[in-house]
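Protein chains: 2
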Amino acid sequence: MPLIGHDLIPGLWPSASALLATTAAGAEAETYAKALAVAVTLTTVMIFVAAQFFGEIAVRIGLPEVLGELVAGFAIGVSGAHFLMLGNGGPVAESAVAIVQLISASDTTTIQSIFAGPVKILVDEYAAIGVGVLLFKIGLEADLKELIKVGPQAASVAFAGVLLPLVAGFWGLTAIFHLPTIPALFAAAALTATSIGITSRIMQDMGVLNTKEGQIILGAAVLDDILGIAILAVAIGVADNGSVELRSIVGIIFSAILFVVGAIVLNKLFGPRYINFLDKLKNRYSLLIGAIVFLSLMSMVARTIGLEDILGCFAAGIILGDTPATKRLEAACEPLVALFATVFFVTIGAKTDLTVMNLADPESRMGLVIALFLTVVAIVGKVAAGYFLVTKDPVDRLAIGTGMVPRGEVGLVFAGLGAATGALSGAINVAIVLMVIATTFVAPPMLRWVFARKSRRSGLTS
Amino acid sequence: MPLIGHDLIPGLWPSASALLATTAAGAEAETYAKALAVAVTLTTVMIFVAAQFFGEIAVRIGLPEVLGELVAGFAIGVSGAHFLMLGNGGPVAESAVAIVQLISASDTTTIQSIFAGPVKILVDEYAAIGVGVLLFKIGLEADLKELIKVGPQAASVAFAGVLLPLVAGFWGLTAIFHLPTIPALFAAAALTATSIGITSRIMQDMGVLNTKEGQIILGAAVLDDILGIAILAVAIGVADNGSVELRSIVGIIFSAILFVVGAIVLNKLFGPRYINFLDKLKNRYSLLIGAIVFLSLMSMVARTIGLEDILGCFAAGIILGDTPATKRLEAACEPLVALFATVFFVTIGAKTDLTVMNLADPESRMGLVIALFLTVVAIVGKVAAGYFLVTKDPVDRLAIGTGMVPRGEVGLVFAGLGAATGALSGAINVAIVLMVIATTFVAPPMLRWVFARKSRRSGLTS
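Chains as they are written, first to last, in UniProt numbering: chain A, 1 to 462; chain B, 1 to 462.
Treat the hints as calculated values from the structure; they're not laboratory data.
Reference excerpt, derived from the structure (chain A facing chain B, CB under 10 Å, subset only):
#	residue
1	G55
2	L278
3	L281
4	G290
5	T304
6	C333
Note that the structure is predicted; figures quoted are calculated from it, not measured. Even glycine gets a Cβ: it sits at the ideal position worked out from N, Cα and C.
Using the sequences and the hints, build the whole thing.
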């Protein structure tokens, strides 16, 4: 930018021809800017149109929408049309490049570099915002009081529901399939956390959320989310250090526990005061902006002490939850989750290379066998956990275990982060995604059957 | 990502040491990813904290919040702490780099390149999302029916209020200050559009929005927004072509008019059907996602036919406005505007180099004289426009003219886009920003005085 002395005094103004030359020199930069803008817009439109299309189909055939978003990712990503390529499987499809070229008149090499560089950075960041705000919102919605009330019952289910699939999965993957420790730990960890979003939405649709079983499922789902994220932190820490060191495990577990316990304590001491402070500010969106600042800082704190960003986002949600303003904050987060978490789920699908699963190839069939094993452990482990429920009340243990089956978001987070650390090979990553898809697909009909059976029985006994 | 054959069969698994080596090789990439995440988080936090802090001060002393956001940009940008550097004025401040280094353990050169590259791309994109969604929402809120009702009265004020400052500004800048055509056109164009957001908020606070004067001001502000954006398109087109060609002006004006008229026609023919279609989809955020897709496509259409992106976003808002679902869509857009438009206003402040205005330097004083000239033309032009009102009703023409004074968003968009095209030198850009600040600062007290005088008079005559 020229100094004022060269511009402002009439005699010193650049002549018209000099200005023209500047414009001509800037033409290339402008073509680049145009190509970038078109590439970003095109990518965004493709992500949202595909997510809406497959999400709509999923909902219409009675499946959770998140499955449609994953399938949308398969369709436009490395497994499908190659429109959304995020670091593996080569360049973006020629047709996408051609559209950008048509509007921006840039060359194909530049456009490919735009897709591989800035567009990838932006989409990855949108996905990070999405999963961050999603886990923040799950934290906000985690009703700590209700959890304490359902108390030991939910805790017993949650612990059993985390330990059974974790131990059975880890044992099977190392003993039967001879996987090394780290991938086995990641894959087993991905079996632990129930999707609170999916299970509560299914139960709400079925009108059973307010039954005793529904409340215990919800409480246990919240608790195994916390446990699951702590285990995720352990798994990532272990993967980062390259080996399983007891001291580092203890350190990470300690940090994670301290972090979660700290969040629960801060929920009483700090959360209401911070929310109150934000609510007194004159900007009516101070609540949202202040919350985003806080979750950003918490993600940085988590990162600094060696935990994952998303644990920070989740803890931020726990801390700011359960105040009079929480509902408003949840509502303000919803559009952000709707847009950015959609990008997150689509990118998980887009990065998943399903073509490595080739049925003609005996090694690929082995990958499918692992996926099948993970799915069986995931379902049996959670259903069995229902029978570990410690209670004297007459509750349907099968219904509770079944309600814990869908993995969804957190399982996908495990898959995505596991792949990002480099600990998970493509095939294991695909096996985890297939497990998540399978558990999320089977849960709605299973739950429908179990609760129908339960109401038939109540009909007979009452 | 290794192929499945090398991973899945037990004998072919990489040994533990090989896995360790992979992790070590990935360590550098991970340090980079960590530095990037911390730099992005830090920048976001700084933008929001500064915006909240200065926005709060602005509101508490009775000024529009957007002024606080501009000042926040001055404070953290090139005029201030150098925390947010977006392409001019050198590297990011050492202290910001040190914070990133503390957490990520990356080297300073890498961190500087992260701030200059990915962080700049992300912040620029957030700002683009912000101004896009803001203009979409202004389009949504533009009540076409109401505008047609207040009709010729608002139109007469709007046209006079656009032409007077445009002509007087352009004449003065070229004849008195001897500026070349393009910068003079840009600076004069920036004088045209009233800030509908600011003026309606001021009138709402004063309880005069529903007076006849308030309604005419609102209608005229909507109309001169449309005219202003059309003039902006002309100015940018002219700057891009490097000279004032009658044919290109006619072409651009024709496109802009066709675009806006097309939007009004599509508001009847297409908007309600598209909204109705989106509302039938099962995802409760289909409305928002579908609107984002539509505004993205419209911004691409605008770009393709040679207009600016934001005109596409505004037209998308006009088209989807005035349906039963519009209020819900506005509400869903609000959190996005709250977050991303804040980034936009802060970046405008951050990019504005106020240090070029050095009072000890006679040339700088010349720049301040231009700012003063622009401000006087901006205020006198709009106040005078009130007296061009064609009506037989007894209305307060001074109040109407005064209500048109605040420029705000659209004026800042002109400054930002003008600087982006390279047509505006730093000093002229700063002069425009100072004019926007001055008009937005003086409008609230002026309006308060005018409406107080009016009610005193009514008190005497009634």
